[in-house]
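Its first residue numbered 30, the sequence shown is counted upward by one per residue in our numbering.
These are computed hints drawn from the structure, not numbers from a lab.
All values derive from a computational prediction rather than experimental measurement.
Ideal placement from N, C-alpha and C gives every residue a C-beta, glycine not left out.
Errors might be hidden in some of the hints.
Restricting the straight-line Cα-Cα distance to at most 25 Å, the calculated cross-link-like pairs of lysine to any residue (SDA-like) are [claimed, not checked]:
#1 Lys180 x Ala130
#2 Lys204 x Tyr68
#3 Lys205 x Arg108
#4 Lys191 x Arg73
#5 Lys114 x Asp100
#6 Lys204 x Leu79
#7 Lys191 x Lys31
#8 Lys184 x Thr173
#9 Lys161 x Glu201
#10 Lys147 x Gln190
#11 Lys161 x Thr173
#12 Lys31 x Lys184
#13 Lys147 x Arg202
#14 Lys200 x Glu177
#15 Lys180 x Leu79
#16 Lys131 x Asn118
#17 Lys114 x Lys180
#18 Lys152 x Lys204
#19 Lys152 x Lys184
#20 Lys114 x Leu151
#21 Lys147 x Ile164
What follows is a list of derived Cβ distance ranges for each label pair [claimed, not checked]:
#22 Ser50 x Thr110: 36 to 46 Å
#23 Phe107 x Gly53: 41 to 51 Å
#24 Lys184 x Arg103: 24 to 34 Å
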Amino acid sequence: MKILLHACCAPCLVFPYDDLSNQGHEVTAFFFNPNIHPYSENLRRLDAFLSYTETNHIRVINDESGVEMDDWFREIVFRETQRCKVCFNFRINLVARLAEAKGFDAFSTTLLYSRFQKHELLKETCEVISEKHRIPFIYHDWRTGWNEGVKKYRKLGLYRQKYCGCVYSEKERAKKII
C-alpha cells in the first residue's frame with residue numbers, strides 16, 4: 030500500500046516508518062504541525078525531520094496546505110479544555126484530505142507512537158476522519174516499540190523536544206520543572 034504517514038517529529042518517525050516499511054508498504058512522510066510553539070521550536074523539529082528523512086532516503090511531501098500556526102490558534106482559542114481533540118481533528122483532517130488528493134491508499138500518524146498522547150482519542154479521531162474522507166486509516170499501537178525507537182533515535186543523535194508541541198503543553202512541562 031501507498032501510505033501517507035503524518036510525522037510529528039523525527040524521533041517519533043523512526044519506529045513507525047521502519048515498521049510500515051518492513052511490512053512492504055511504500056511510505057511517504059508528511060510533517061504538518063502548526064501547533065508547535067514557539068516558532069523556533071517548530072523550525073528545529075522540521076530541520077531534524079528533514080535531516081533524518083534525507084539521510085535515510087525517505088519520501089517526503091512538503092506542506093503545501095497554506096495552513097499556518099495562526100489558523101491552529103483560531104481553532105484552539107476558547108476551546109483549550111478540549112485542545113487535544115481539536116488539534117488532532119485539525120491536523121488529521123488535513124492529512125486525510127492530502128492522502129486522498131495525492132492518490133495514497135491510506136494514512137496514519139506517528140502520534141500513535143508517543144506514550145504522551147491521548148492514544149484512544151487519537152485513534153477514534155482518525156477512524157472518524159477516515160470514514161468522512163473515505164480513505165483507510167492504518168492503525169498500529171506503536172507504543173509497543175517505544176524503547177526500541179528511543180534507542181535508535183538516541184544513537185542517531187536526533188533532536189528530541191521535551192513537550193508535545195503546543196504552548197499549553199509547554200506550559201504544563203514548565204510548571205512540573207518549577
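To see whether the hints hold, each was checked on the structure:
Our distance criterion of 25 Å between C-alpha atoms is broken by Lys180 and Ala130, whose separation comes to about 36 Å. Distance restraint check for Lys204 and Tyr68: the Cα-Cα separation of roughly 21 Å lies within the 25 Å cut-off, and the hinted pair is therefore satisfied. Restraint check: the Cα-Cα separation between Lys205 and Arg108 comes to about 23 Å, which is no more than 25 Å; the hinted pair holds. Of the supplied pair hints, the one linking Lys191 and Arg73 holds, its CA atoms being roughly 13 Å apart against a limit of 25 Å.
With a C-alpha separation of about 16 Å, the suggested pairing of Lys114 with Asp100 holds against the 25 Å cut-off. A distance of roughly 31 Å separates the Cα atoms of Lys204 and Leu79; the hinted pair therefore is violated under the 25 Å criterion. For the hint pairing Lys191 with Lys31, the CA-to-CA distance comes to about 32 Å; that exceeds 25 Å, so the pair is violated. With a C-alpha separation of about 19 Å, the suggested pair Lys184 and Thr173 falls inside the 25 Å cut-off, and the hint holds.
Annotation: proposed proximity of Lys161 to Glu201 is violated, straight-line Cα distance about 33 Å (limit 25 Å). With a CA separation close to 18 Å, the supplied pair Lys147 and Gln190 stays within the 25 Å bound. Between Lys161 and Thr173 the alpha-carbon distance is near 28 Å, which puts this suggested pair outside the 25 Å criterion. For the proposed pair Lys31 and Lys184, the alpha carbon gap of about 29 Å is over 25 Å, so the pair is violated.
Our distance criterion of 25 Å between C-alpha atoms is met by Lys147 and Arg202, whose separation comes to about 16 Å. Taken as a hint, the Lys200 and Glu177 pair is broken in the structure, with Cα atoms around 29 Å apart against an allowance of 25 Å. Between the alpha carbons of Lys180 and Leu79 the distance comes to roughly 20 Å, so the proposed pair stays at or under 25 Å and holds. The suggested pairing of Lys131 with Asn118 holds, with an alpha-carbon distance near 20 Å, which does not exceed 25 Å.
In summary, the hint linking Lys114 to Lys180 is not supported, as the alpha carbons are separated by about 30 Å, beyond the 25 Å threshold. A C-alpha spacing of about 28 Å is found between Lys152 and Lys204, which places the hinted pair above 25 Å, so the restraint is violated. Distance restraint check for Lys152 and Lys184: the Cα-Cα separation of roughly 29 Å exceeds the 25 Å cut-off, and the hinted pair is therefore not satisfied. With a C-alpha separation of about 8 Å, the suggested pair Lys114 and Leu151 falls inside the 25 Å cut-off, and the hint holds.
Taking the CA atoms of Lys147 and Ile164, the gap is near 22 Å; set against the 25 Å cutoff, the hint holds. Distance hint check for Ser50 and Thr110: the Cβ-Cβ separation is about 38 Å, which falls inside the suggested range of 36 to 46 Å. A hinted range of 41 to 51 Å holds for the C-beta pair Phe107 and Gly53, which are about 45 Å apart. Between Lys184 and Arg103 the beta carbon distance is about 40 Å. The supplied range of 24 to 34 Å is therefore violated.
Of the hints listed earlier, those the structure fails to meet are numbers 1, 6, 7, 9, 11, 12, 14, 17, 18, 19 and 24, in rising order.
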